[in-house]
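Number of protein chains: 2
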Amino acid sequence: MFALHPQLAADTFCLGNFPLSQALLMDDARYPWLILVPRRDGLREIFELNPEDQQQFLWESCHLAEVLCRHFQADKMNIAALGNMVPQLHIHHIVRYRSDAAWPKPVWGVQTAVSYQPDQRAALCRALIPQFQQFDSCIKF
Amino acid sequence: MFALHPQLAADTFCLGNFPLSQALLMDDARYPWLILVPRRDGLREIFELNPEDQQQFLWESCHLAEVLCRHFQADKMNIAALGNMVPQLHIHHIVRYRSDAAWPKPVWGVQTAVSYQPDQRAALCRALIPQFQQFDSCIKF
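Just so you know, the protein sequences line up as chains A and B, in that order.
Each residue of the first sequence is one higher than the last, beginning at 1 in my numbering.
Each residue of the second sequence is one higher than the last, beginning at 1 in my numbering.
Excised from the complex, chain A in its bound form (with noise of 0.2 Å):
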């Protein structure tokens, strides 16, 4: 039975979901940044995915990285499987921008994160979640 790791659920917000990620929002509004938890017990790595699981793995990745990309007009988009700290296969979406706090470095580690304002993220899902395919989400508007 999936569970979200509980250093996920900490420090997101939960979207939704598509047919085999999560959807999380990280509570830090330095940066649009996304997350994909793939609903399957005990995998740490994305080819211990079944072959198509894999293939909706890509499909879902690709649409959220398009989708963000060209929602917030990114200068680049950083896409990441790390679990150095959180075992747990989870995939990083980040909208990086050339005058972000980090910029060009990687975001993790850099300073502190700013939470949402309640406002403020309310917006972004509005504006953001009805883009999504495939997707049914957590939030009511």
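For the record, the hints were derived by calculation from the structure and aren't laboratory data.
Glycine included, C-beta positions come from ideal geometry on N, C-alpha and C.
Wrong hints could be hidden among the right ones.
[Unchecked claim] Have a look at the derived ranges for each label pair, beta carbon to beta carbon:
id: 1; chain 1: A; residue 1: 87; chain 2: B; residue 2: 27; range: 21 to 31 Å
id: 2; chain 1: B; residue 1: 123; chain 2: A; residue 2: 118; range: 54 to 64 Å
id: 3; chain 1: A; residue 1: 140; chain 2: B; residue 2: 112; range: 46 to 56 Å
id: 4; chain 1: B; residue 1: 122; chain 2: A; residue 2: 1; range: 42 to 52 Å
id: 5; chain 1: B; residue 1: 140; chain 2: A; residue 2: 71; range: 43 to 53 Å
With the hints as your guide, set chain B onto chain A.
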């Protein structure tokens, strides 16, 4: 006509080619670190690959990650498409150990790369390359 970005060429050794991607070894002996570069001009993001190339990329990345993970007995794989400094699409596949120089942080920007000794690099290639399927090696043994 595909040409490898000069920064990637400067920082790596070419091991050979999968059907889609060139496989490069990062010249940093602190971590087993390979990079896949899809041989397609002008791409910056994974989602810009056409559907057939996305499939092939998925196969190559999962295959490479699994071979590296098993061969080096990784504690964790780090897989990332960043591209903030070198925008040509390239995907890092890095073997991580709890005992390595940067753990648990990501490797980018941690201290200075340590170049391979030639015999060290040759030994790594001899051990690793025969495990790659669908691979055209540019290294002669």
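Here's how the hints hold up against the structure:
no., hint, in the structure
1, A:87 <-> B:27: 21 to 31 Å, "29 Å, holds"
2, B:123 <-> A:118: 54 to 64 Å, "56 Å, holds"
3, A:140 <-> B:112: 46 to 56 Å, "51 Å, holds"
4, B:122 <-> A:1: 42 to 52 Å, "48 Å, holds"
5, B:140 <-> A:71: 43 to 53 Å, "49 Å, holds"
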